[in-house]
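Read top to bottom, the protein sequences are chains U and L.
Sequential numbering of the first sequence, starting at 47, is according to this note's numbering.
Sequential numbering of the second sequence, starting at 3, is according to this note's numbering.
Source of the hints: derived by calculation from the structure; they are not laboratory data.
Nothing here was measured: the structure is a model prediction, and the numbers come from that model.
DEER-style ranges, computed between Cβ atoms:
no.	chain 1	residue 1	chain 2	residue 2	range
1	L	Thr113	U	Gly87	14 to 22 Å
2	L	His12	U	Ile160	28 to 36 Å
3	L	Asn30	U	Pro161	43 to 51 Å
4	U	Leu97	L	Glu16	45 to 53 Å
5	U	Glu102	L	Glu81	45 to 53 Å
6	L	Arg111	U	Gln125	23 to 31 Å
7	U	Ser49	L	Asp58	18 to 26 Å
Virtual Cβ for every residue (Gly too), placed ideally from N, Cα, C.
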Amino acid sequence: GQSLEQPSEVTAVEGAIVQINCTYQTSGFYGLSWYQQHDGGAPTFLSYNGLDGLEETGRFSSFLSRSDSYGYLLLQELQMKDSASYFCAVRASEYSGAGSYQLTFGKGTKLSVIP
Amino acid sequence: DAGITQSPRHKVTETGTPVTLRCHQTENHRYMYWYRQDPGHGLRLIHYSYGVKDTDKGEVSDGYSVSRSKTEDFLLTLESATSSQTSVYFCAITGTSDPYEQYFGPGTRLTVT
Chain U
47 GQSLEQPSEV TAVEGAIVQI NCTYQTSGFY GLSWYQQHDG GAPTFLSYNG LDGLEETGRF
107 SSFLSRSDSY GYLLLQELQM KDSASYFCAV RASEYSGAGS YQLTFGKGTK LSVIP
Chain L
3 DAGITQSPRH KVTETGTPVT LRCHQTENHR YMYWYRQDPG HGLRLIHYSY GVKDTDKGEV
63 SDGYSVSRSK TEDFLLTLES ATSSQTSVYF CAITGTSDPY EQYFGPGTRL TVT
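The following block holds chain U by itself, in its conformation from the complex (with noise of 0.2 Å):
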């Protein structure tokens, strides 16, 4: 099975930088991934990480390390619109035929920006 600990709430202020962190115990693994959700709204996809490393996208970044089974996504220059709620994925299996593209969630850093 797989299994993701992620922190349930973090506060920060706008203008500031914020790092949310994931780390993951899976019987297999292929990437990372990270998504957000705002109050009522759907998850909408931000980042994936397949190999250690950053990977960057404006103001947000992600990072992996496969040896300590960690990542985390950094968000800069906070705006209130940052608002909403993180949740790290992992990807345990390879594609095999058989709707192998699943994830599993953790469950979710909240992330409330402060003026």
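Given chain U's structure and the hints, the job is docking chain L onto it.
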């Protein structure tokens, strides 16, 4: 935005009644998923489909069944709804050309009284 819709968006039903939720996509994506989201649990996979008439169970499949008779439609059925199935249900799709991203529908809020 990916063309994915869910119906109904809200539903209140009584314990013991059957309920069917519909997910419809216009992207011709092969893979479709049903999740439920509850406070403190994140998103949990109920069932998924890897093609027409090809489905399999996810993490929390007890009490749920699915069907996919057309590429564009994936139905989730609660044969006899229970209060523990009160939740927000999300459908998601993935294409083979972009397997790392799941696109989510707007969700269905189901209340079982």
